[in-house]
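Asks: Each chain is listed here by its residues.
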Amino acid sequence: MFESPERLALGLLTGIVFGFLLQKGRVAKFEVIVGQFLFKDWTVVKTMGTAVVVGAIGVHALVAADMASLHIRPALFGGILAGAVCFGIGMAVLGYCPGTSVAACGEGRRDAMVGVLGMFAGAVVFIVAFPLIQPIINGLGNGGTITLPQLTGTSPWLWVAGLVAGGMLALIITWFTSYRPLQFKQTHETGRS
Amino acid sequence: MANPFFQKSWTPYVVGAGIGVLSWFAFATADHPLGVTTAFEKSAALSARAVMPTIEHSNEYFAKKAAEGKPPKIDWEWMLVIGVFIGAFVSSKLSGDRESAIVPPLWKWRFGPSAFPRLVVAFLSGGLMMFGARLAQGCTSGHGISGTLQLAVSSWIFIIIAFTVGTITTFLLYGKEGARHV
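Those protein sequences? They're chains A and B, same order as listed. Throughout the first sequence, residue numbering follows the working numbering, covering 1 to 193 in sequence. Throughout the second sequence, residue numbering follows the working numbering, covering 1001 to 1182 in sequence.
Take the hints with a grain of salt, since some may be wrong.
[Claimed, not checked] In the SDA-like style, the derived pairs of lysine to any residue whose C-alpha atoms are separated by at most 25 Å in a straight line are:
#1 K1073(B) <-> P74(A)
#2 K1064(B) <-> G144(A)
#3 K1176(B) <-> K1073(B)
#4 K40(A) <-> V1014(B)
#5 K1108(B) <-> W42(A)
#6 K1064(B) <-> Q134(A)
#7 K1064(B) <-> K40(A)
#8 K1073(B) <-> K40(A)
Everything labelled a hint here was simulated from the structure, so no lab data went into it. If you're wondering where the values come from, they're calculated on a predicted model, not measured in any experiment.
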């Protein structure tokens, strides 16, 4: 029924830091998440992108040092496809994703609290319907717990380097598209010198 | 300089880097990726079994998870979810960034100020989102951050489709005009 108290305390501590960061990052807000889907507010992509690039470096270093192991979810194509479609519709309408709806509850948002109740109900439906939905989950085959490096027979570090390069490129593009006044000023200064 | 803990927001790069480092911490100390929805699945399984004990034998879910060595229980990830609530609560209290409005402004512009429809739709969409997350075995955290940083094939497929569908749904709901109201 319960894991060890040490692991429970560790989970709680990790969660508190996670929730604190999500709230400070403004991603526990309806307008920020829906704003991302409307291409108006890029906070979600910036936050997730940075987390993935930074996280990938450290986690692959830990794995290389034999201090952690990868935990890959299986590529059950039916479940992934059907799940992603339901998830995308649900998240867009609710305006929060699962982690951020819990954080939004902490921020006092009532619609997120009702959303979390709905999430629990959705999980109950999943459990009860589990035998019936197996054909959907397994219907399109199972690619296994495979990573992109394994699929392509390449080094994970090549992909981590690719993520870092992609992140840098995105930063440069962001710099040139969102700091127009500065760009304008710089051209003037260059013209003067 | 003002104490950052009392500020209402931090730049997304600092927060993102913080979440990245937090996943190192999670992997190093608990050998577990950051994820949220598995805890909901486990709570639902525990509740279903408490209400209807026969489900443990009639529903293959329980036998399957027991065989995988992952029977439903109150675990690291379950406490992580409790922690997310506490962390966000503390952060918003420290900065005063609290929100008590039931209907977000964009929703109000599109569907009116009435709270009841917003709450009914929030319940249903929350349910659909969780059902989808459990079909795919992950959400924005489990697949979108933890899975993609591990370079999992399943996670990259999931997050690309989920965010594409989310974008299409949002434009169907609010249209281009919506961007002026967020």
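Asks: Each hint needs a verdict: does it hold in this structure or not?
Replies: Results for each hint:
1. K1073(B) <-> P74(A): holds (22 Å)
2. K1064(B) <-> G144(A): holds (17 Å)
3. K1176(B) <-> K1073(B): violated (45 Å)
4. K40(A) <-> V1014(B): holds (20 Å)
5. K1108(B) <-> W42(A): Holds, because 22 Å separates the two Cα atoms, which is no more than 25 Å.
6. K1064(B) <-> Q134(A): The given pair, whose Cα atoms are some 12 Å apart, holds under the 25 Å limit.
7. K1064(B) <-> K40(A): violated (44 Å)
8. K1073(B) <-> K40(A): Roughly 41 Å separates the two Cα atoms, so the pair is violated.
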